[in-house]
Amino acid sequence: NAGVTQTPKFRILKIGQSMTLQCAQDMNHNYMYWYRQDPGMGLKLIYYSVGAGITDKGEVPNGYNVSRSTTEDFPLRLELAAPSQTSVYFCASSDSSGGNLDTQYFGPGTRLTVL
Amino acid sequence: GENVEQHPSTLSVQEGDSAVIKCTYSDSASNYFPWYKQELGKRPQLIIDIRSNVGEKKDQRIAVTLNKTAKHFSLHITETQPEDSAVYFCAARPGGGNKLTFGTGTQLKVEL
Numbered sequence: 001n002a003g004v005t006q007t008p009k010f011r012i013l014k015i016g017q018s019m020t021l022q023c024a025q026d027m028n029h030n031y032m033y034w035y036r037q038d039p040g041m042g043l044k045l046i047y048y049s050v051g052a053g054i055t056d057k058g059e060v061p062n063g064y065n066v067s068r069s070t071t072e073d074f075p076l077r078l079e080l081a082a083p084s085q086t087s088v089y090f091c092a093s094s095d096s097s098g099g100n101l102d103t104q105y106f107g108p109g110t111r112l113t114v115l
Numbered sequence: 116g117e118n119v120e121q122h123p124s125t126l127s128v129q130e131g132d133s134a135v136i137k138c139t140y141s142d143s144a145s146n147y148f149p150w151y152k153q154e155l156g157k158r159p160q161l162i163i164d165i166r167s168n169v170g171e172k173k174d175q176r177i178a179v180t181l182n183k184t185a186k187h188f189s190l191h192i193t194e195t196q197p198e199d200s201a202v203y204f205c206a207a208r209p210g211g212g213n214k215l216t217f218g219t220g221t222q223l224k225v226e227l
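One line per chain: the protein sequences are F and R, in this order. No gaps in the numbering here: position 89 of the first sequence is 89 in my numbering, and each next residue is one more. Numbers given in my numbering equal positions in the second sequence, counted from 1, plus 115.
Next comes chain F alone, as it looks inside the complex (with noise of 0.2 Å):
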């Protein structure tokens, strides 16, 4: 198993520009998270999702819209970047089943910067 991966691993993007970080996991999780970390901070909940079809909002999610239309895909889009939006984001996944949600499985992150 691949498990989590994220693309691209660094992207610098123009204020005003739009963009989709890509999101995978083979482990058939149900749930799926989107992080951004900034530095000197934790890790702040953009987006999440518990199935395809279903995503909520989490404690940042202005500027950001997801979708879920599979298990394995979970898309972060960026529709007009702000300077603001310069961080690392990192995606999540955890399984439901077998009373195993807690653990999240996180991917190897996208460095972000605007400019």
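Keep in mind the hints are simulated off the structure, nothing from the lab. Don't take each hint at face value.
[Said to hold, decoys possible] With the C-beta cut set under 10 Å, the calculated list includes, among others, these residues of chain F facing chain R:
{"hint": "1", "residue": "Gln37"}
{"hint": "2", "residue": "Gly40"}
{"hint": "3", "residue": "Met41"}
{"hint": "4", "residue": "Leu43"}
{"hint": "5", "residue": "Val50"}
{"hint": "6", "residue": "Pro61"}
{"hint": "7", "residue": "Tyr64"}
{"hint": "8", "residue": "Asp73"}
{"hint": "9", "residue": "Ser96"}
{"hint": "10", "residue": "Pro108"}
[As the list claims (entries may be wrong)] When the alpha-carbon atoms are kept at most 25 Å apart in a straight line, the in silico BS3-like pairs for lysine-lysine are as follows:
{"hint": "11", "chain 1": "F", "residue 1": "Lys57", "chain 2": "R", "residue 2": "Lys214"}
{"hint": "12", "chain 1": "F", "residue 1": "Lys44", "chain 2": "R", "residue 2": "Lys214"}
{"hint": "13", "chain 1": "R", "residue 1": "Lys152", "chain 2": "R", "residue 2": "Lys137"}
Just so it is clear, CB atoms sit at the ideal spot from N, CA and C, and this is done for glycine as well.
Got chain F; can you put chain R on it based on the hints?
Quick look at chain R alone, frame taken from chain F:
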């Protein structure tokens, strides 16, 4: 919502010493408390977790304690080694879902 505070923000110890990181949470309904380790430039990885029906859990040199009354939990690392140097994050999960609220992290440095 849940609020998690973590202290200290930086911690420097000598190799072989113990390290303790403390977290407090605000939501008394929180029932799951994981600890993640993040090495520089890498993804967070779960190192140990504890559920609200347990007061202490140990895994080799790592232990976590939970005091539900005081709403705080702690990570204990004994016999620290240079490879323990990393940022450690605590988190809490309020009851009824799987959304985690993270602390702001502790930079642990183990010096030779």
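Go through the numbered hints given earlier and state which of them the structure violates, listing their numbers in rising order. 6, 7, 8
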